[in-house]
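Participant: Generate the whole structure from the sequences, applying the supplied hints.
Residue numbers (this note's numbering), protein chains in the order written: chain A, 474 to 863; chain B, 12 to 128.
Keep in mind the hints are simulated off the structure, nothing from the lab. Glycine included, C-beta positions come from ideal geometry on N, C-alpha and C. Be aware that one or more of the hints could be misleading.
What the hints assert, rightly or not - Derived DEER-like restraints, expressed as beta-carbon distance ranges:
(1) G789/A / G22/B: 49 to 55 Å
(2) A89/B / T488/A: 23 to 29 Å
(3) D513/A / G22/B: 38 to 44 Å
(4) G20/B / Y585/A: 23 to 29 Å
(5) G20/B / G770/A: 32 to 38 Å
(6) L28/B / Y585/A: 25 to 31 Å
(7) A89/B / K745/A: 28 to 34 Å
(8) D738/A / A39/B: 44 to 50 Å
(9) K841/A / A17/B: 25 to 31 Å
(10) K93/B / A849/A: 40 to 46 Å
(11) G73/B / K498/A: 49 to 55 Å
(12) P517/A / T23/B: 29 to 35 Å
What the hints assert, rightly or not - Simulated coverage check for chain A against chain B, where a stretch passes if three residues somewhere in it have a Cβ under 8 Å from a Cβ of chain B:
(13) 517-529
(14) 608-615
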Amino acid sequence: MGTSKLETLEVPDPTLLNPHDAIIKVTRTAICGSDLHLFDGFIPTMEAGDILGHEFMGIVEEVGKAVSNLKPGDRVVVPFTIACGNCLFCKKKIWAACDNSNPNAHLMEKAYGYSGSGLFGYSHMMGGYAGGQAQYVRVPFANVGPLKIESDLPDEKVLFLSDIFPTGYMAAENAQIEAGDTVAVWGCGPVGQFAIASAFMLGAARVIAIDRLPERLELARSIGAITVNYDDEDTSVLTALKDLTGNAGPDSCIDAVGLESHSADMQHVYDKIKTALMLETDRPSVLRQAIMAVRKGGTLSIPGVYGGLLDKVPFGAAFGKGITMKMGQTNMHTYMKPLLERIEKGQIDPSYIISHRITLDEAPEMYKVWRDKREAVTKIVIDPWAAKAA
Amino acid sequence: VIFEAAPGGRGTIVTVLQEFRMGKLASAWETLTGRNPKQAVVENLRHFKAFAETGEIPRTQGQPHGPRGVVGSMKASAYGEKIRPRPRPNAKSARPRIKPECLRRNKALHTRNGDEL
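Facilitator: Quick look at the structure:
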């Protein structure tokens, strides 16, 4: 589906367009797993010329006249969701549902009934904002979003406050974990890693991590998870989880994979064919497994992105077991500060997931590596000012 | 334009009643290009709300981008991204500014919060 051509180009520098804008000189940015959904054409309304990137941090270069809390020279991490801070939803702290930050709200209303907040570099439906895989970026509502970093923590330790750490944490919070619970996490990519770490922070006694890539399973083990490789021929995930929990099932399940999931069985072929024929838009094999696997009355938390229409989702099982499902884009602004404090206190060093450090010129090639899971890639961080290695 | 208090102290509901007269063909064309009057009223109300709540109207016009090509450019237009939100609502008239050529004969379309009456 879609087109997958990416290149690094010179474009004009961004300028202040609104009173609450800031221009940030990007010092570090990263490629997110959800950027692959764009790259692979699963999210509609991506167009030629769009600038990607929603995980970034940097130095404030210029601020609009209504921004009083930031000044040039401040070091900030910018949340990927853009929130105005004043609408009904922001006041309820459901920042990702902000009513006033998406200039193309009418597009999302057609697809979803109502529009969520604008996002950086994530399709025209989500606002059409230029992203942060760049040297400079314009940040709207800079009086509300960016988190000032006043300590001398290196960029790499705080960069992931822009998306994946809060996303993993909200996933664990949405999983409604009680002390002593067993939590199953599908996907040991960056969000899965932080969901595992956060599940332990929130009192889980045991976390079972599911993936197929040895390097990611190894990372999960390094932070205390038990792992299941679904590609092992004699392991069905459902059976493995039942065996590990005395047939009770995990108290909570977290789907940190989303719409491009893989599975080892015929489902994968089925979904590949149906998405190719445009008879469904997403490949929900993890969602199906997680609904089946969660215990009766348990909770399913979904940080993995879904975009459209899903086929053969066992909703009867969800109803029959009376499970709770919680999901959605991360309400970033709620989590950034408390999680920064955890990093400052040394409770976690999010940089442990980084496997590649690259320049902006190398990014188009690395999207392919990231998509194909080559070179044992676990997280790619870009220094937009580094010169290309000779 | 009607201003009413929302129940439970949840702000104000603004209703715009506006009549447009235009031919079916023009209406279809305007719809296709994202510029039909009904949508214009909806967008104006949305802009008014954003301005009232935050002091600005969200916008992306003027931000950098790579070459859009012919298709990308047409799509940007269809998404309504080429219609500039007015920087600030005109205090004298809260009515949306509609291009005179939209005000054509025949078919009447009433819009109330975007819904046909």
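Participant: Please flag the earlier hints that this structure goes against, numbers listed from lowest up.
Facilitator: Violated hints (numbers, rising): 1, 9, 11; every other hint is consistent with the structure.
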